[in-house]
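Undergrad: According to the UniProt record's numbering, the sequence shown is numbered sequentially starting from 1.
Take these hints with a grain of salt, some might be off.
Distance condition first, Cα-Cα at most 27 Å in a straight line; then the derived DSSO-like pairs of lysine-lysine [stated by the list, open to error]:
(1) Lys128 <-> Lys294
(2) Lys113 <-> Lys294
(3) Lys229 <-> Lys199
(4) Lys294 <-> Lys328
(5) Lys48 <-> Lys28
(6) Lys48 <-> Lys128
(7) Lys88 <-> Lys294
(8) Lys199 <-> Lys180
(9) Lys113 <-> Lys50
(10) Lys128 <-> Lys88
(11) Lys113 <-> Lys88
(12) Lys160 <-> Lys93
(13) Lys261 <-> Lys229
(14) Lys330 <-> Lys282
(15) Lys330 <-> Lys88
(16) Lys229 <-> Lys330
(17) Lys180 <-> Lys328
(18) Lys230 <-> Lys261
Derived from the structure by calculation, the hints contain no laboratory data.
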Amino acid sequence: MKKTMVSVVATAALSTVFVAEASANTYKVERGDSLWLIANQYNTQVSKLKEWNNLTSDVIYPNQILQVGGNTGTQPKPETSKPSSSSKTYIVKSGDTLIGIANAHNITLGELKSWNNINSYLIYPGQKFIVSKGSSNNPVENNPAPTPDPSPSATSYTVKPGDTLSGIGVQFGVSVRELKQWNSLKSDLIYIGQKLSVKKGSSTPNESTPEVTNPDEGTSSGNVVTEAKKHLGVPYAWGGSSPSGFDCSGYIYYVFNKAGKSITRTSSEGYYNRSFYVNSPKPGDLVFFENTYKRGISHMGIYLGGGQFIHSGNDGVQISSLSNSYWKSKFDGYKRFY
Numbered sequence: 001m002k003k004t005m006v007s008v009v010a011t012a013a014l015s016t017v018f019v020a021e022a023s024a025n026t027y028k029v030e031r032g033d034s035l036w037l038i039a040n041q042y043n044t045q046v047s048k049l050k051e052w053n054n055l056t057s058d059v060i061y062p063n064q065i066l067q068v069g070g071n072t073g074t075q076p077k078p079e080t081s082k083p084s085s086s087s088k089t090y091i092v093k094s095g096d097t098l099i100g101i102a103n104a105h106n107i108t109l110g111e112l113k114s115w116n117n118i119n120s121y122l123i124y125p126g127q128k129f130i131v132s133k134g135s136s137n138n139p140v141e142n143n144p145a146p147t148p149d150p151s152p153s154a155t156s157y158t159v160k161p162g163d164t165l166s167g168i169g170v171q172f173g174v175s176v177r178e179l180k181q182w183n184s185l186k187s188d189l190i191y192i193g194q195k196l197s198v199k200k201g202s203s204t205p206n207e208s209t210p211e212v213t214n215p216d217e218g219t220s221s222g223n224v225v226t227e228a229k230k231h232l233g234v235p236y237a238w239g240g241s242s243p244s245g246f247d248c249s250g251y252i253y254y255v256f257n258k259a260g261k262s263i264t265r266t267s268s269e270g271y272y273n274r275s276f277y278v279n280s281p282k283p284g285d286l287v288f289f290e291n292t293y294k295r296g297i298s299h300m301g302i303y304l305g306g307g308q309f310i311h312s313g314n315d316g317v318q319i320s321s322l323s324n325s326y327w328k329s330k331f332d333g334y335k336r337f338y
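Turn these sequences into a full structure, and let the hints steer you where they fit.
TA: What follows is the structure in structure tokens.
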């Protein structure tokens, strides 16, 4: 009888250990979670989480049960591994841009991207960024955006600032190819305020949605470049936007309007916020630079091809090379007007 009692106690103890280990090896996804955040919490890697759970993408959903450790079990990281409280953070809100966040916290775009290991310009509401270095040496690694929780009944989506087809695809669990097919898109270009179908069989976008066409419709890259070169040698003038004198943004305003694209007069930063990045620039696209005479986006020009751009600098309208050590160190990227 005594031997039987010992056996029962031992079995119960083993059962408790097994349940505890099974519980430690799984995690129930909560709203706002991402694979990176979960991997960081359990001291593992995103690639391991995807392998253990047979995931083919980074998309996860609330209430999803994930295996977070191998057979030996994986314990969460101690709280001390989190960034130091001396490093200030910012939660991304709808409509935010990287340059807007950088300017609001009096840091450079380069610092913001470096501290948070950001390799692109795509950000999402709810994402956390370090905006003051402090004494921490642990920036928010790559800080993937929290996976949005799309409503199962959602059939359309209105494009917001900073959106891309790939980002919308991830949000709704569909591919870029499907989005383009359902919305009869011939390119990856989308516009703020545009309504897109995001579910198969959903109604087509409202007729009021602008057709996605060449962003320079009514003008052409040839017209822009030709008009830009007409003003070589025009002197620099702060606030100038006429052939008697240009500053960098005034030059853009004058050239594009003359070339047939109606744009309002604003600053380099203003034009930066109403354009989108392009990986393969064409002549006539915009070139932006940061941290020249002030922090953040502070200068711009027109790309001519062959690594050259035309702009209004201190010596007036001139052609410069992007391989020049100064411009290379200040280069932000190529963009195109919406």
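Undergrad: Give me the numbers of the hints this structure contradicts, sorted from smallest to largest.
TA: 3 and 17
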